[in-house]
Amino acid sequence: MKRMVQCFEEAFDTRKPYIVMDAGLRVVSVDRIVGTVGKCGELDTRFRDINRGDRAERTRREKILTKMAEYSEFPPIDVYLHRGNYYVADGNRRISACKILGVEYIDANVKEYIYRDDEELINGSLSRRKFEQETGLKHVELINESGYAVLLKDISLYSPNLPVLDRAKEWYSTIFLPACEQIKDSELMRRYHAHNPEDIFVIIACFYHEFMGGAPQNVSFGTIISGFKFAHRIPQRKFLRTVPFRFIHRMVFNKARTIKKL
Amino acid sequence: MLKPFRKLLLKLILEQAIIFEERAYRFYERVLERTSKDETKMLLKRLMNAELKHRIKLEEVQKGGDLGALRVTSDSEMDNIEAIRDEWPDIESDVTREEILGIALAKEKTSLSFYSVLAKKARIRAAGDLFNVLSNEELQHVKMIEEELSKNR
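Quick note, the sequences are listed as chains A and B, same order.
FYI, my numbering numbers position 63 of the first sequence as 63, with every residue one higher than the one before it.
With positions in the second sequence counted from 1, the corresponding number in my numbering is that position plus 1000.
The following block holds chain B by itself, in its conformation from the complex (with noise of 0.2 Å):
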């Protein structure tokens, strides 16, 4: 009887999800438009274009549905997934290239988290495998902004 709350409850994560790397995108879309320095506009577009893929494997795995892949139990791992809703914040004119990397460090770290939980809950192999390819693409984001941001220190 509850099995079509639980897929409803999944396809709302995956939902989740896919706003989390829409804001993302918009995120470095609205820096790029501010960066005028060649190398940090080749690693926004290379973001943007990562966001745009896992945006569309989600959106592919939520209408597939291997739905039954999932299992989310306790309230702490609703908070992780709670913690994706966060909206990106603005940018002020006046903001640096360092701020704006801390900012898109912290959210690769929180999605990379998130994926890392869906990554463990994952009863079906090939949802874990996808969660765990993106967990670890967001790991390699995390490492290229720690790179971009540690040239100029």
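Next comes chain A alone, as it looks inside the complex (with noise of 0.2 Å):
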């Protein structure tokens, strides 16, 4: 049997009292569409219609295709937010043809589904809007959103003397970013799986937060992972600590002084 996408009506139970939020155009991982919404059975886990084979269908996804394949501007497709995962309302074509291209994001019109009782979630998502306005930032996806408080400090800690909206941008280039491809490269992927690296960047920035009220400055993240796993007894391999370094010290200065001599 062929497995197909999630169902947004089987995940979000609407007989419950829910909120919709508007989170409004926001560039989204295509890695997390995991469902659609009204289309329940219909579509296979690349977004095909697998009741349509028809050649009209097969005309209009190798239209789109190529469009994409050449780089042209789609209008941004419609999803529903619901517990860190997307469901299409509208674009299931694009999507299916983002996963045959290997796109990795895409524009998106999101709307955020929350049960009402859901506080976590209400005031995660509450937080992510303060972010968002904030720093202008909108393409910053953490999987626990409580996170986006703790990046909002960080960013305050950054060249204060900057605007605002600035400063963000230049913390989002120069300190986020290059941490996350860091954080994608290193162990802590592991430790952490249930993790992306913009939330390992988190639970970092939290912990010198709480223990020396910020990141020291002028330090490369190298460092600052390295001092965050030594507090938290990840281990690291330290190839210095296997060398004999008063043999060493011996060889070079005894050397030195016999050199000298002659």
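Just so you know, the hints here were simulated from the structure itself, not pulled from any lab data.
It is possible that some hints are incorrect.
What the hints assert, rightly or not - SDA-like, lysine to any residue: derived pairs with alpha carbons at most 20 Å apart:
no., chain 1, residue 1, chain 2, residue 2
1, A, LYS238, B, GLU1060
2, B, LYS1045, A, TYR208
3, A, LYS229, A, GLU210
4, A, LYS238, B, LYS1011
5, B, LYS1053, A, SER96
6, B, LYS1109, B, LEU1149
7, B, LYS1045, A, HIS232
8, B, LYS1120, B, ASN1136
9, B, LYS1045, A, ILE122
10, B, LYS1063, A, HIS139
11, B, LYS1037, B, LYS1120
12, B, LYS1053, B, LYS1007
13, B, LYS1063, A, SER96
14, A, LYS138, A, SER125
15, B, LYS1041, B, GLU1099
16, A, LYS153, A, ASP185
17, A, LYS111, A, GLU132
18, B, LYS1063, A, GLY222
19, B, LYS1041, A, MET212
20, A, LYS111, A, LYS153
21, A, LYS229, B, LYS1007
22, B, LYS1053, A, VAL219
23, B, LYS1045, B, LYS1011
24, B, LYS1007, A, CYS40
25, B, LYS1063, A, LEU240
26, A, LYS111, A, ASN51
27, B, LYS1011, A, VAL219
28, B, LYS1120, B, GLN1062
29, B, LYS1063, A, PHE230
30, B, LYS1041, B, LYS1120
31, B, LYS1063, A, ASP185
32, A, LYS184, A, VAL103
33, A, LYS39, A, SER96
34, A, LYS229, B, THR1096
Claimed, not checked - Now the stretches of chain A that chain B is said to cover, found in silico as 3 or more residues with beta-carbon under 8 Å:
no., stretch
35, 29 to 40
36, 45 to 52
Think of the CB as a built atom: it goes at the ideal place given N, C-alpha and C, for glycine as much as any other residue.
Put the two chains together into one complex; each comes in its own frame, and the hints tell you how they fit.
Given below as structure tokens:
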């Protein structure tokens, strides 16, 4: 039996009291688009309609694929967001094309669906909106949305003389993005396997905020990670600890003296 | 020809200093778990915080390579460096607060003299400044612990 995409109607119970928050236009990671709205049981995991193999459908798909491959502009898709997962309300064919071409991000109008009694999620969502409004950064995706408050604090400590929007932009390109790249390549991904690099950045930032009021300035992020790992007893490879250093000292300086005598 | 070896040696010296800071951090961490007095807990957290900061600073210098900065020549200087390689003692369950502070004081004094030597030996100003900062901070720790000890006398 063919595997199908998830259904929003199954993931979100509309009989319970809920609220819809308009999160506006955002850049969404295609990997986090897991399902569809209103087409339950009709789309396979690559978002292709299993009931429509007709020529008209194929032509439409091919047209979108060709346009996308030529980097043509597309209107944003519409998605519903629930508990960190996105469900396509309009734009299944575009997502299908993204999956074929390996496109990682897409513009989307996002509506967030939250149960009224889910305080944690409501607070997280408010925290994200505050972060986006204050910084203008709309493509920072955290699984644990309470982390946006930590990021705001981190930005507030970065170059306080710059205007907020400029500061956020600079922080994003000089601190956040390179740090997430380093996290991606580190064993922290294995250690915190349920988190994405952005969330691990929050964990590290949170540790330094609580422990020493913020990470030390003018230090590379590699060293910041190393300090974090040490404090959390995460093993690190240390080549220099295996070298017999008194032996090297003797070798260097005794040799130096001999050469001088000659 | 000897330059690469000298660089390696200097990296190793910094590594020894990092190990020292790590041991100090773990020592204070262990003590913190056994302490009930809030005042002492605060002091220990401050000391842990400082040790971690030192560790980070030293690692950054080690990576960055202001490493033409130092010259260690005599065996007596090596002994000074060797002194910081001594293990921190285990804490017995019946150890008193004064005994803990006594151990911490002795170790902080060792690292104070270690950083002082490195500060004097540094040939590049930036590196000298860094070791001066570290030795001044260790001096502050010595004073903090001495103050804490004098409170109970």
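These are the hints, each one checked on the structure:
For a cut-off of 20 Å, the pair hint linking LYS238/A to GLU1060/B stands: about 14 Å separates their Cα positions. With a C-alpha separation of about 13 Å, the suggested pair LYS1045/B and TYR208/A falls inside the 20 Å cut-off, and the hint holds. Restraint check for LYS229/A and GLU210/A: the C-alpha separation of about 16 Å stays at or below 20 Å, so the hint holds. For the proposed pair LYS238/A and LYS1011/B, the alpha carbon gap of about 12 Å is at most 20 Å, so the pair holds.
Annotation: proposed proximity of LYS1053/B to SER96/A is violated, straight-line Cα distance about 49 Å (limit 20 Å). With a CA separation close to 15 Å, the supplied pair LYS1109/B and LEU1149/B stays within the 20 Å bound. Taking the CA atoms of LYS1045/B and HIS232/A, the gap is near 15 Å; set against the 20 Å cutoff, the hint holds. Using a Cα cut-off of 20 Å, the hinted pair LYS1120/B and ASN1136/B holds, with the two alpha carbons roughly 13 Å apart.
For the suggested pair LYS1045/B and ILE122/A, the alpha carbons sit about 35 Å apart, so the restraint of at most 20 Å is broken. Between LYS1063/B and HIS139/A, the direct Cα distance comes to roughly 32 Å. Violation of the 20 Å bound is thereby established for this hinted pair. In summary, the hint linking LYS1037/B to LYS1120/B is not supported, as the alpha carbons are separated by about 39 Å, beyond the 20 Å threshold. Distance restraint check for LYS1053/B and LYS1007/B: the Cα-Cα separation of roughly 24 Å exceeds the 20 Å cut-off, and the hinted pair is therefore not satisfied.
With a C-alpha separation of about 46 Å, the suggested pairing of LYS1063/B with SER96/A is violated against the 20 Å cut-off. Restraint check for LYS138/A and SER125/A: satisfied, since their Cα atoms lie roughly 13 Å apart, inside the 20 Å limit. Proximity of LYS1041/B to GLU1099/B is assessed by CA-CA distance (about 15 Å); at most 20 Å being required, the pair is judged to hold. The suggested pairing of LYS153/A with ASP185/A is violated, with an alpha-carbon distance near 25 Å, which exceeds 20 Å.
A hinted pair counts as satisfied when its Cα atoms are at most 20 Å apart, and LYS111/A with GLU132/A qualifies at roughly 15 Å. Under the criterion of a C-alpha separation no larger than 20 Å, the hint pairing LYS1063/B with GLY222/A is consistent with the structure, at around 10 Å. Restraint check: the Cα-Cα separation between LYS1041/B and MET212/A comes to about 15 Å, which is no more than 20 Å; the hinted pair holds. At roughly 26 Å between alpha-carbon atoms, LYS111/A and LYS153/A are farther apart than 20 Å, so this suggested pair is violated.
At most 20 Å may separate the alpha-carbon atoms for a hinted pair to count; LYS229/A and LYS1007/B exceed this at roughly 26 Å. With a C-alpha separation of about 11 Å, the suggested pairing of LYS1053/B with VAL219/A holds against the 20 Å cut-off. Taking the CA atoms of LYS1045/B and LYS1011/B, the gap is near 28 Å; set against the 20 Å cutoff, the hint is violated. Of the pairs offered as hints, the one joining LYS1007/B and CYS40/A is violated, with about 65 Å between alpha carbons and a cut-off of 20 Å exceeded.
Of the pairs offered as hints, the one joining LYS1063/B and LEU240/A holds, with about 12 Å between alpha carbons and a cut-off of 20 Å not exceeded. About 28 Å separates the Cα atoms of LYS111/A and ASN51/A, which puts this hinted pair outside 20 Å; it is violated. Of the supplied pair hints, the one linking LYS1011/B and VAL219/A holds, its CA atoms being roughly 18 Å apart against a limit of 20 Å. Proposed proximity of LYS1120/B and GLN1062/B is supported: the alpha carbons are some 18 Å apart, at most 20 Å.
Of the supplied pair hints, the one linking LYS1063/B and PHE230/A holds, its CA atoms being roughly 16 Å apart against a limit of 20 Å. With a C-alpha separation of about 34 Å, the suggested pair LYS1041/B and LYS1120/B falls outside the 20 Å cut-off, and the hint is violated. For the proposed pair LYS1063/B and ASP185/A, the alpha carbon gap of about 18 Å is at most 20 Å, so the pair holds. Under the criterion of a C-alpha separation no larger than 20 Å, the hint pairing LYS184/A with VAL103/A is consistent with the structure, at around 19 Å.
The straight-line distance between the Cα atoms of LYS39/A and SER96/A is roughly 14 Å, inside the 20 Å bound, and the hint therefore holds. A hinted pair counts as satisfied when its Cα atoms are at most 20 Å apart, and LYS229/A with THR1096/B does not qualify at roughly 31 Å. Residues of the stretch 29 to 40 of chain A with a Cβ under 8 Å from some Cβ of chain B number 0, which does not satisfy the need for three, so the listed coverage is violated. Closer than 8 Å: that is the beta-carbon criterion, and the stretch 45 to 52 of chain A has 0 residues meeting it against chain B, so the requirement of 3 is violated.
Checked against the numbered hints above, the structure breaks hints 5, 9, 10, 11, 12, 13, 16, 20, 21, 23, 24, 26, 30, 34, 35 and 36 and satisfies the rest.
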